Each structure stands twice: as C-alpha cells, then as structure tokens.
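Novice: Can you make the complete structure from the sequences, with help from the hints?
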Amino acid sequence: MTRNVAITVNGTERRASVEPRLLLVHFLRENAGLTGTHIGCETSLCGACTVLMDGRAVKSCTVLAVQADGRQVTTVEGLASGDQLHPIQEGFWEEHGLQCGFCTPGMIMCSHDLLGHNSNPSDGEIREALNGNICRCTGYQNIVAAVKNAARKMSKPIAARAGAR
Amino acid sequence: MKQTEISSERNSSTDAQNLEPWTNPTVVGKPLPRVDGYERVSGSAIYPADLILPDMLHAAILRCPHPHAIVKNLNTEAARKSPGVRAIVSSADPEGKLVIPYPWWVPEGPPVLLFDQHCRYQGEEVAALAADTPYQAYDALRLMKVEYEELSHLLHAQDALKPGQPLLHNTGNLVRRPDTYQRGDLAKGFGEADVLVEETYETSCEIHATVETHVAVARWEGEQLTVWVPTQAIYEEQKSLAATLRLPVSSVRVISQYVGGSFGCKAELSKHTLIAALLARKTRRPVKLALSREESFLCAGNRPPNVMCLKAGAKKDGSLTALEFTNLGAVGAYADWADAAGWAAGSYACPNIRTQDTEVYINAGKARAFRGPGAAQSAWALEQMIDMLADKIGMDPVEFRLKNVPATHPRTGEPYTSIELRECLLKGAEAFGWTKARVARASSSDPVKRGVGVASCRWITEGGPPTTVIVTLFPDGSATLNMAAADQGTGTKTIMAMVVAEELGIPLQKIHVEHADTGTTQYGKSGGGSHSVMVYAPAVRAAAADVKRQLLEIAAGELKRPAIELSLKDGKIVPVREPGQPKNLSELKDLTRREQIAGIGHPPPEPKGRLIASFGAQFAEVEVNVHTGEIRVIRLLACHDSGRVMNPLTHESQIFGGMVMGIGFALTEQRVLDDHQTGRMVNANWHDYKIPTAKDVPFDQLCLTIDPKDAECNSAGAKGVGEIGTVPTAPAIANAVYHATGIRVTQAPISPMQMLALLAARREAR
Amino acid sequence: MIPANFDYESPRTLSEALDLLASREDAKVLAGGHSLLPAMKLRLAQPAMLVDIGRIGGLSYIKEFADGIAIGTTTTHAEVAASEALLRNSPLLALAAAQIGDIQVRNRGTIGGSLAQAHPAADYPAAVLALDAEIVAHSRSGERVIPAAQFFTGMFSTALRNDEILTEVRISRTTGEGVTYKKFHHPASGYAVVGVAVRLKFSGSNIDSAAVGITGVADLAYRASAVEIALRGKPVSAIADAAARAANGVDIIGDYFASAEYRQHLVTVMTRRALEEAAASRRK
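Chains as they are written, first to last, in our numbering: chain A, 1 to 165; chain B, 1 to 766; chain C, 1 to 284.
Rather than coming from a laboratory, the hints here were simulated on the basis of the structure.
A couple of the hints might just be wrong.
Claimed, not checked - Calculated lysine-lysine pairs in the DSS-like style (CA-CA distance at most 25 angstroms, straight line):
no. : chain 1 : residue 1 : chain 2 : residue 2
1   : B       : 583       : B       : 572
2   : B       : 97        : B       : 30
3   : B       : 188       : A       : 153
4   : B       : 316       : B       : 403
5   : C       : 41        : B       : 145
6   : B       : 695       : A       : 148
7   : A       : 153       : B       : 30
8   : B       : 30        : A       : 148
9   : B       : 188       : B       : 403
10  : B       : 510       : B       : 583
11  : B       : 81        : C       : 41
12  : B       : 30        : B       : 403
13  : B       : 30        : B       : 695
Said to hold, decoys possible - Computed spacing ranges between beta-carbons, pair by pair:
no. : chain 1 : residue 1 : chain 2 : residue 2 : range
14  : B       : 589       : A       : 156       : 46 to 56 angstroms
15  : B       : 80        : C       : 48        : 42 to 52 angstroms
16  : A       : 4         : C       : 48        : 48 to 58 angstroms
To be verified - On the chain C side, residues computed to face chain A include the following (Cβ under 7 angstroms):
no. : residue
17  : 1
18  : 3
19  : 5
20  : 8
21  : 12
22  : 34
23  : 37
24  : 102
25  : 103
26  : 202
27  : 203
28  : 264
All of these numbers come straight from a predicted model, not from anything done at the bench.
For every residue, glycine included, the Cβ atom is placed at its ideal position computed from N, Cα and C.
Specialist: Structure follows, in structure tokens:
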C-alpha cells in the first residue's frame with residue numbers, strides 16, 4: 001500500500017513512506033513542512049503550487065510524490081541563500097509584484113524557469129510564461145516589472161550585485 | 001532645516017487625537033516596498049492553511065449536490081468506521097441546529113441553520129467529519145449515504161416573484177421591501193428632455209475567486225477557543241462565534257495575520273469556521289478545514305447578478321434632466337445585498353430621479369460584498385446609459401460627464417470634503433490622448449476594429465470610531481504598532497508602519513507590526529469598504545502622536561527645555577535651536593526607567609455635515625475582431641482622486657488589480673447554472689470559469705492620481721482606494737466596444753459568442 | 001480533489017511494464033500524469049494500478065530516420081515544442097505542442113499521454129491526423145503500428161488495447177510544404193475550442209494537396225476531407241470557399257462558451273486563417 005520515496009528537497013534528501021496517491025504538493029507541505037508552496041485549485045490551473053523538479057517548473061498538485069522519487073525538487077524556501085534572497089524574490093518585493101502574496105511563490109518559481117532559459121525576456125514573453133499562474137490581486141503589471149527587475153540583476157555578475165547593495 | 005520647521009509646527013498641535021494632515025511628509029507618500037514583503041516572497045508567511053499544530057485533525061464537509069432538496073435520510077455509519085475518522089457532526093447532532101448570525105450589514109434574514117435539512121443551494125452543508133489526514137477525511141466523506149428528495153429549483157431573479165415558483169423561505173422569495181428613492185418630478189424631467197433613452201442591462205454573477213480558498217483552524221484550550229482564519233473582520237467573526245457557541249466574547253480568540261486575498265468574501269463568520277470549532281471541541285484536538293476550489297465557487301460568496309432597467313433624459317446642452325433606474329437582484333439562497341439602482345442616485349447632478357431596488361432569493365450560493373458591491377453593477381448600466389445620451393445629442397462622453405459632475409452629494413445635498421472628479425476626467429483624457437483616439441478609427445476592411453471608452457466612478461468612504469490602536473516605543477528607538485487591522489494584501493501593515501515612522505521619525509525597519517489578533521490587539525473596525533486607511537491611519541497617527549507627546553515631556557524634563565523646543569528625528573531627540581546636538585533615546589534616564597512609552601490612539605469622529613468619497617475616471621481602448629467576436633483590451637488608463645496617496649506602490653497596485661478584475665467582469669466572468677436540467681453550476685472550477693491572466697490584460701496600464709490636499713476628511717488626508725478601482729472598468733470597456741463597432745452590449749460578460757451574435761444580427765438588420 | 005488509492009509500479013524496462021499491464025485488468029499507464037491525474041482526482045478514473053513508464057529508459061527521444069522523425073512516448077510537450085529536428089523538418093507537432101496549456105504543463109505532459117487520453121479538444125490529435133502519423137503501440141505480443149486515421153475512436157477512446165502501451169509517434173518530413181497549427185483557445189482551460197492543423201503541398205502556384213486536421217469541434221478530431229477536396233489543384237484564392245466546408249458532415253459539439261452554431265462559424269474562420277498562414281509560410 002505504501003512506497004518508500006527519497007526526494008531531495010532544497011538540497012536535503014527526505015525519505016518517507018507514502019501512499020502512491022500522495023500528491024507532491026501534500027508531501028512538501030505536510031511531510032516536509034514546507035508550506036511556502038500553496039494550494040489554489042488542485043487542478044493544475046492556477047500555478048500557486050509551482051515548484052522546480054529537476055530544474056523545470058511543474059505544478060506539484062499534478063505530480064505524485066512517487067513520481068518525484070529520486071529527483072531534485074526546489075521550493076520557494078530553497079531559493080534564498082541564508083538571509084540573502086534570490087534576485088527574483090527581491091524583484092517581487094522591490095517592484096511590489098505582490099499583494100496578498102498567496103500566488104507569489106508560484107509566480108517566483110515559474111519566473112525562475114523562464115529566466116533559466118531566457119535571460120532577457122520581453123514583456124510579452126513574461127506574460128506568456130506566467131499564463132499558467134493566476135493572481136487575483138495585482139493586475140500583473142508589477143509582476144512583469146518584478147521579473148524584469150530580476151532579469152537585470154541576474155544578468156550582472158554576482159560580485160557586482162553584492163557591491164551594489 | 002526644513003524638517004525642523006515642520007517638526008515644530010507639528011509640535012504645536014496639542015491634541016494628539018485631532019491633528020491636521022501632514023503638509024510635507026517625509027515617509028508617507030513615498031513608494032516604499034512592503035514591510036512584510038520578505039515573508040511573502042520567501043514562503044515564510046504562515047497563512048491559516050499553512051498552520052501545522054500538534055495532533056491536528058483535518059475536516060471535510062459533505063455538501064448537497066442539488067440546488068434545492070430535502071435531506072430525507074443521512075447515514076454516517078460507514079464513514080464513522082472509516083480509518084482515521086475521529087468525529088462527525090450533522091443535523092442529527094444538537095449542534096446541527098445552531099443558527100449562524102448575519103453580519104452587521106445584513107439587518108435581517110431567514111435563520112441560517114448550520115445543517116438545514118431543507119437545502120436551498122448546491123453545496124449546502126449537510127454533515128462534516130474530522131480525520132487524522134486530509135486524505136482519510138476525503139475518503140470517509142464519500143462513504144456517507146444521503147437520500148435526497150429533489151425539489152424544483154429557482155435560478156433566475158426574473159422568475160422569483162412569479163406565481164407557481166418554488167418558495168425558498170416561509171416568508172417568500174422577496175428579501176426585503178423594495179428600496180425606493182425619489183427626488184424631483186420624474187415626468188417633468190422626462191418632459192424637459194431633448195433626448196430620451198431606454199435600455200435594460202444585465203450583469204452576471206461573479207465569483208471572488210481569491211487564490212487562497214477559505215480555511216479555518218480551530219483549537220480549544222479548556223473553554224477557550226482560538227481560531228485562525230483569513231478574514232478582514234476578526235471582531236465580527238469573534239462576536240458571531242461567541243454568540244453561536246454561547247461563549248463569553250473573551251473566550252474566543254480570532255487570529256488573521258495573513259489573508260490570501262478577500263475582496264469582501266472573507267468578512268463574516270462562515271459555516272466552515274463554526275464546523276472546525278465544533279469538531280475540535282468534540283475531539284479535543286485542533287482541526288483544520290480548508291475548502292476546495294469548487295466549494296469556494298459554490299458557497300463562499302459572489303457578486304450577485306442584476307437586471308437593470310433604465311430610462312434617462314438629457315437636454316441638448318448635455319444636462320441630465322431625469323433618470324429612472326429599476327433593479328432586480330438575486331442574493332442567492334439567504335439574505336444579503338443585490339442592490340444597484342440606489343447607487344446611481346448619487347452619481348450625477350440630475351434633478352429628477354427615481355430608483356428602485358428589489359432583491360429576491362434564488363437556489364444558489366449566497367452573495368457577499370464584492371469589491372465595489374452594487375456600485376460596479378450600477379456603473380455597468382449607468383455609465384453606458386450616459387454614453388448613449390452623449391451619443392444621441394452628439395456630445396463627447398467626457399464632456400457630457402463634466403457637464404453633470406455634482407457640486408454636492410446629489411442625494412443628501414451635503415458637500416464632499418473634496419471632489420476632484422472633474423480633474424480626474426480632464427487629466428485622464430489628456431494623458432490618454434482621448435480626443436485624438438475618439439477620431440481615429442480602423443478602416444472598414446480590417447476585421448479588427450478599435451475603439452475607446454470612458455467611465456467615471458465614486459465611492460463613499462467613512463472612518464471614525466470605535467477603534468483603538470496602541471503604539472509602544474522602547475528606549476532603543478524601536479516601536480511596536482498594535483492594531484486590529486488585517487492586511488488582506490492591500491498593504492495596510494506597510495502604510496500604518498509608515499504613519500508611525502512619519503510621526504516618530506524612526507526608520508520603518510525598527511517598527512514591528514502586531515495585528516489582527518483579538519487576543520492581543522484592541523477592538524478595531526473591519527477592513528472593508530475602503531475604510532482601512534480612513535479608520536486606521538488617523539488612529540495610528542494619534543497613538544504615535546501620544547507617544548511623541550509623552551517622550552518630549554520626558555526629554556523636556558531631562559534636557560530642561562520646553563517640549564515645544566524639541567523634535568524627534570531619526571530616532572533621536574533634536575533641540576530645535578541646536579540641531580547639531582541630538583540625544584539618543586537610550587540616554588533619557590526616565591525613559592529607560594519606564595522601559596517603554598505606550599500611546600493610545602482612536603480615529604476622531606467624522607467631519608460633521610460633510611461626506612467623504614473617492615472619485616475616478618478610467619479610459620479603455622479595445623480591439624474587437626468582427627470575424628470571431630474576440631475582444632482584447634489593449635490599453636487602460638485610470639485617474640483617481642483617493643485623497644492623499646499614502647504609498648504610490650500600493651495605491652497603483654490597487655487600481656491595476658481593480659481594473660484587471662473589471663476586465664474579467666466585462667468580458668469573461670460568469671457563474672453558469674444549468675438551466676435545462678440540474679440547476680447546478682457548470683463552471684465551478686478555473687478550467688471553465690475564466691480569471692484574466694498576465695497574457696489577457698493590456699501591457700499598457702497607467703494609474704494617475706489627483707491629490708486634492710483634503711484637510712477635512714481625516715488627519716491623514718486619505719480617502720481610500722480598495723473598492724473603487726474596479727467600478728468603472730467594465731463600462732469603460734463596453735463603451736469602447738460601442739465606439740469600435742457601433743454595438744451597445746448590455747449584457748455582461750461580453751463573450752466572443754455574444755459579440756459575434758450581435759454583429760450578425762446587425763448585418764441582418766441592415 | 002484527492003485520487004482514490006491504487007497500487008503503483010515503476011518498472012525500469014518496457015517488457016516489465018507490459019507484463020504488469022497484462023497482469024491486471026484495471027491497470028493504467030502513467031506517463032507525465034497531466035491527463036490521467038486530473039481525471040483520477042475527479043474520480044472519473046479509478047484504476048487499481050498505475051504502471052509508471054516515466055522511469056523506463058529510452059522512451060523519451062526525438063530521432064530522425066530515413067523516412068521521417070520518431071518521437072518517443074514520454075517526450076514532453078516542452079521538448080516537442082523546442083525540438084530543432086522537428087522545427088526544421090516537420091514543424092506541425094512542435095507548433096501544436098507550443099500551444100498546449102502553460103509552461104508547467106508542457107514541462108510534465110507527454111505526447112504519448114495526451115494521445116492516449118484522446119481528449120476531444122486536445123491539440124496533438126489534429127496534428128497527427130494532418131501528418132498521417134503512425135502511432136506505435138507495444139504489447140507482450142509485439143509491436144503494432146496504428147495509422148493516426150484509425151487511432152481515435154471516440155471521445156476519450158482510442159484503438160489502444162488495455163494491454164498495450166503507446167511507445168512512439170512517427171511522422172514524415174514536411175519539407176517544402178506550407179504547415180501551421182491555428183488555435184482558438186478556450187479562455188480558461190486553454191484547450192482548443194477549435195484547433196486546425198494544416199499541411200499544404202504545392203505544385204507551382206496551385207495547391208497540389210491539402211491535409212487538414214481539426215480538433216475541439218466534434219467528439220473526436222477529424223480530417224476535414226471536404227476542405228481537402230475543395231483545394232486539390234486549386235489556387236490559393238480557393239481557400240475561403242474551401243474553409244467554409246470545415247465542418248461538413250460533422251456533428252458539432254456545443255457548450256455554454258461556444259454553441260454549435262458559434263463553433264461552426266469559428267471553425268470556418270480558423271480554417272481559413274490556418275490555410276492562409278500555411279500558404280504564406282510556404283512562400284517564405
């Protein structure tokens with residue numbers, strides 16, 4: 001009835017015995033206690049539960065924990081290094097790319113996927129990339145600004161970023 | 001030097017509770033990022049759904065699948081034996097007969113039983129259970145056996161008062177006596193008109209659809225109940241829970257530190273919160289109950305649908321002579337508001353008006369306040385009507401509106417503390433390039449037609465008591481702000497921290513905000529109706545000013561100077577005459593001895609004989625593809641008078657968010673009930689119910705503001721912005737569609753199918 | 001929104017997977033899960049066992065061979081959309097894949113999973129029909145090649161047997177042809193209200209032959225043969241008339257977003273747009 005899984009979440013291997021039907025989002029929230037990944041619809045539509053699996057954005061409500069066995073999962077909690085937020089997180093904060101913040105982790109993780117293969121996206125490319133993420137508060141303007149802000153920062157060498165702070 | 005002058009000016013205000021608005025603030029009005037931004041971008045914010053308490057159980061609710069049915073028999077035996085199940089509540093329990101009180105803004109209505117055997121809407125609560133895991137709860141729910149007797153259902157307001165229709169309540173299907181308002185002489189007004197227009201408008205039921213669904217976590221410690229629930233109104237929930245459970249108010253603690261969006265749907269006690277509390281009491285374990293997306297579509301509130309019949313007249317010079325506005329709204333299965341007509345009576349200077357609002361019950365989930373409640377639906381009709389009149393007399397729609405801007409509130413005759421509607425229209429039109437855009441039209445062979453439209457808006461706000469806020473200053477220069485206000489995403493925490501920073505001259509980073517917890521904060525009004533800034537900014541400022549007064553008195557004693565010659569800057573005491581010799585707070589021995597200074601603030605009463613309202617005008621540009629009926633909004637510009645803009649970032653974000661919600665209202669959002677057969681909602685999910693996403697909204701959005709320097713509204717000079725941003729967007733879009741195509745679309749949303757049918761009908765008519 | 005319990009196996013080889021599949025009547029194949037898991041959450045599907053083929057090596061690939069290109073069953077939509085080999089030699093599948101769902105869905109959903117589900121408004125069916133693709137299935141008794149035209153048998157139903165696993169899609173090169181996929185997205189779900197996949201072969205300035213696959217309009221995707229016949233040997237100016245036949249003989253579905261009448265209209269408009277775009281793409 002249950003299966004053993006070992007999922008590396010934010011660099012830490014987490015072993016558990018789970019029902020095969022356990023969704024990855026529930027594994028992350030209930031088993032791993034990482035509640036930054038939110039649940040908005042459970043039907044792979046709203047994107048609030050977006051995490052990275054082997055580096056690519058996926059909706060964790062539509063992945064079984066057993067499918068993630070042996071894989072690398074990154075949640076919003078895994079982006080910062082210590083107290084230093086990831087440039088995408090900084091972008092969302094600085095540009096006010098959020099209101100209630102509930103969709104924000106999913107938006108950030110999806111933006112991470114986008115910026116991973118397009119370091120300087122246009123407005124249109126950002127909007128297209130975030131089409132699978134619903135925000136009911138912001139009207140998206142500042143979310144687009146946040147991704148651009150992050151793209152600018154990420155295109156600079158790390159040393160220059162640190163110096164600017 | 002300037003700073004010193006301002007500070008001494010501020011010091012001259014002796015009454016901390018009655019301050020003049022700042023003349024030249026240094027923190028307030030700046031585009032500062034959110035003080036709680038770190039929590040929200042790092043994933044460390046704990047929303048109620050994120051709480052994990054030791055031994056916590058998970059609950060789920062069994063809901064009636066029919067819009068109208070009687071529960072004939074309920075068998076919970078198999079569910080009770082299902083693995084992990086710890087408790088069940090249903091109509092078989094005495095608790096099932098508990099009556100949920102209506103919130104204060106709904107004066108009366110038929111009793112709302114927790115588990116009513118007469119189910120009046122799809123999704124009505126029938127039973128609930130708690131189990132060790134959410135999966136076990138979900139499984140066990142499916143083992144409950146219910147025998148329903150299906151009743152015929154009523155889905156449309158237009159049918160509700162016809163004979164032979166199902167009656168939802170013993171009192172009938174009418175919610176309350178129709179509300180009628182009249183001024184002047186309607187017949188005379190129509191007689192004076194050079195042009196008359198008549199039209200019927202309809203709006204659809206729109207769902208709040210916050211990304212966070214409703215959720216409650218309940219825990220009992222002895223007879224003390226603590227509930228974590230995302231809500232705009234902790235004290236409303238506390239009072240209602242205490243009343244329902246017959247507990248002293250002091251035995252109920254409601255905490256709401258993170259709210260994943262609300263827009264009005266999280267401001268009253270919901271059944272699921274009570275259910276979580278009951279199951280937690282039965283099991284003596286904490287219980288979490290999170291609604292699914294489908295549940296939130298069915299029974300967590302909505303903007304009710306309206307049918308609005310209007311007749312209006314105007315003279316050739318553009319002055320309105322008469323308006324008749326009759327609205328029929330469907331509140332759902334229990335009492336709430338579905339008004340719209342009354343709002344129109346206060347919009348424009350029109351001497352002869354009659355409005356009537358009739359509200360009825362239907363077999364569907366109950367309405368709740370939804371951003372610009374009533375006003376948004378009213379604007380859909382009235383703002384299109386204004387365009388029809390302007391069109392008929394050949395006047396520009398902006399000019400027509402300017403012509404009818406009221407000097408005072410048209411309904412009460414009271415003056416506004418400030419009204420910059422005229423400026424909003426003029427500045428907005430200028431920035432939008434209105435005059436040019438009205439002329440430029442696509443060539444007739446192009447299937448994509450472009451058009452522009454405008455609509456204006458007004459939202460009455462109010463602040464005032466009762467609310468209590470405490471600001472505490474410590475000798476190290478840090479401060480705590482303690483207030484009841486929740487922050488449903490609007491930035492209330494940030495703005496109120498900015499008020500403290502402004503008043504005490506200490507950096508934002510040194511201010512901790514402790515809020516939205518009936519156990520630790522003082523009574524405060526709920527955050528709704530754009531009232532947060534109106535209620536809390538003056539209260540917070542008063543509390544901070546109280547701290548400052550006490551601090552300067554202490555400093556005056558130690559420095560042997562009159563308090564009036566001292567000011568507070570960068571967390572230090574600065575003698576006005578010797579600004580080069582500041583003194584750290586930690587150097588004040590009396591302060592160190594006292595450990596802290598606590599200041600208490602209340603919002604002063606509202607100005608007498610004056611109304612406070614925010615105003616705005618929005619401009620939309622659309623493209624209509626006449627081959628498919630698709631409509632794309634390609635540009636939106638807003639110009640708003642919200643009084644002082646406390647923080648341009650949060651203000652602008654409210655407007656952008658409101659406008660995008662308006663796009664949904666205008667073009668895509670609609671609760672669809674199965675008319676033909678089941679009466680059930682057929683699109684209770686995001687695969688079918690369309691919320692605009694980043695790709696659907698214009699890249700080109702701009703928010704301009706008018707700062708009227710309102711010295712009368714309150715000590716912050718701010719009038720609020722949350723509701724108004726969505727009110728004019730949909731009619732501005734509809735007016736733009738008319739400009740593009742010559743077709744007046746009266747029914748929201750303007751789906752491609754509807755648009756195409758209207759285009760085809762016109763072709764046939766020609 | 002929680003699926004019913006099931007047994008789960010994640011074999012490492014295809015033959016193991018086929019054995020498992022044959023061992024249980026009510027077993028189902030799990031690839032990316034983006035078609036099956038939503039159905040299981042709604043309990044529309046309640047398989048007793050899932051055979052996860054996601055860990056079988058060698059099922060995710062895009063390979064060129066002499067007669068065309070072969071795509072392995074667990075190749076994701078994102079991989080199909082970005083494939084240089086496809087975009088260069090036979091772009092139709094890639095164009096369709098790029099319009100499926102969103103980034104997250106394309107990162108997980110697979111071509112095999114989507115085809116096997118046979119959603120009436122999915123994008124791939126229109127493309128594989130227009131391409132005359134071969135759909136390869138394996139069972140313990142070996143390989144079976146199913147022509148796309150015979151693969152879809154109804155709404156959510158295919159020619160696949162219970163003991164078969166869809167392993168590969170083979171398509172031919174479309175070099176020199178005008179090719180495109182045009183889609184009218186359902187605003188919310190992103191599925192096709194109408195999706196039109198077009199291949200145009202030219203002889204001189206005339207259309208030599210056309211292949212038009214249409215999805216979203218009927219219970220199952222279909223080839224619009226009336227359109228194809230109307231275009232054979234005709235100049236590009238015949239497109240508008242031909243497009244009007246896009247739903248000839250088809251039982252058009254209707255829902256509250258798009259009635260049958262509106263869909264009928266849309267399919268004409270979208271077919272015309274697709275044909276015009278395909279013709280233009282070839283001329284480039």
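Novice: State for each hint whether it applies.
Specialist: Status of each hint after checking the structure:
1. With a C-alpha separation of about 5 angstroms, the suggested pairing of residue 583 of chain B with residue 572 of chain B holds against the 25 angstroms cut-off.
2. Of the supplied pair hints, the one linking residue 97 of chain B and residue 30 of chain B is violated, its CA atoms being roughly 52 angstroms apart against a limit of 25 angstroms.
3. Simply put, residue 188 of chain B and residue 153 of chain A have alpha-carbon atoms about 67 angstroms apart, too far for the 25 angstroms limit, and the pair is violated.
4. For the suggested pair residue 316 of chain B and residue 403 of chain B, the alpha carbons sit about 11 angstroms apart, so the restraint of at most 25 angstroms is met.
5. As the CA atoms of residue 41 of chain C and residue 145 of chain B are separated by approximately 20 angstroms, the hinted pair is consistent with the 25 angstroms bound.
6. Using a Cα cut-off of 25 angstroms, the hinted pair residue 695 of chain B and residue 148 of chain A holds, with the two alpha carbons roughly 16 angstroms apart.
7. Distance check on the hinted pair: residue 153 of chain A and residue 30 of chain B sit about 23 angstroms apart at the alpha-carbon level, within 25 angstroms; holds.
8. With a CA separation close to 22 angstroms, the supplied pair residue 30 of chain B and residue 148 of chain A stays within the 25 angstroms bound.
9. At roughly 20 angstroms between alpha-carbon atoms, residue 188 of chain B and residue 403 of chain B fall within 25 angstroms of each other, so this suggested pair holds.
10. For the hint pairing residue 510 of chain B with residue 583 of chain B, the CA-to-CA distance comes to about 18 angstroms; that is within 25 angstroms, so the pair holds.
11. For a cut-off of 25 angstroms, the pair hint linking residue 81 of chain B to residue 41 of chain C stands: about 23 angstroms separates their Cα positions.
12. Annotation: proposed proximity of residue 30 of chain B to residue 403 of chain B is violated, straight-line Cα distance about 35 angstroms (limit 25 angstroms).
13. As the CA atoms of residue 30 of chain B and residue 695 of chain B are separated by approximately 30 angstroms, the hinted pair breaks the 25 angstroms bound.
14. Separated by about 49 angstroms at the C-beta atoms, residue 589 of chain B and residue 156 of chain A satisfy the suggested range of 46 to 56 angstroms.
15. In this structure the hint that residue 80 of chain B and residue 48 of chain C lie 42 to 52 angstroms apart at CB is violated, the actual value being about 26 angstroms.
16. Roughly 21 angstroms separates the CB atoms of residue 4 of chain A and residue 48 of chain C, a value that falls outside the hinted 48 to 58 angstroms.
17. Below 7 angstroms, beta-carbon pairs count as interface contacts, and residue 1 of chain C has one with chain A at about 4 angstroms; its hint therefore holds.
18. Hint status for residue 3 of chain C relative to chain A: holds, with the closest Cβ pair at about 5 angstroms, below 7 angstroms.
19. A hinted interface residue such as residue 5 of chain C counts as satisfied when its beta carbon comes closer than 7 angstroms to some beta carbon of chain A; here the least separation is about 6 angstroms, so the hint holds.
20. At a threshold of 7 angstroms, the smallest CB-CB gap from residue 8 of chain C to chain A is about 3 angstroms, leaving the interface hint in force.
21. Of the supplied interface hints, the one on residue 12 of chain C is violated, with its beta-carbon coming no nearer than about 12 angstroms to a beta-carbon of chain A, more than 7 angstroms.
22. The interface hint given for residue 34 of chain C is met, as the beta carbon of that residue sits about 6 angstroms from the closest beta carbon of chain A, less than 7 angstroms.
23. With a cut of 7 angstroms, the hint placing residue 37 of chain C at the interface with chain A holds, because the nearest CB-to-CB distance is about 5 angstroms.
24. The beta carbon of residue 102 of chain C is positioned within 7 angstroms of a beta carbon in chain A (closest approach about 3 angstroms), and the interface hint is therefore held.
25. The beta carbon of residue 103 of chain C is positioned within 7 angstroms of a beta carbon in chain A (closest approach about 6 angstroms), and the interface hint is therefore held.
26. At a threshold of 7 angstroms, the smallest CB-CB gap from residue 202 of chain C to chain A is about 32 angstroms, leaving the interface hint violated.
27. With a least beta-carbon distance of about 37 angstroms to chain A, the hint placing residue 203 of chain C at the interface is violated under the 7 angstroms criterion.
28. Against a cut-off of 7 angstroms between C-beta atoms, the interface hint on residue 264 of chain C is violated, since the closest Cβ of chain A lies about 28 angstroms away.
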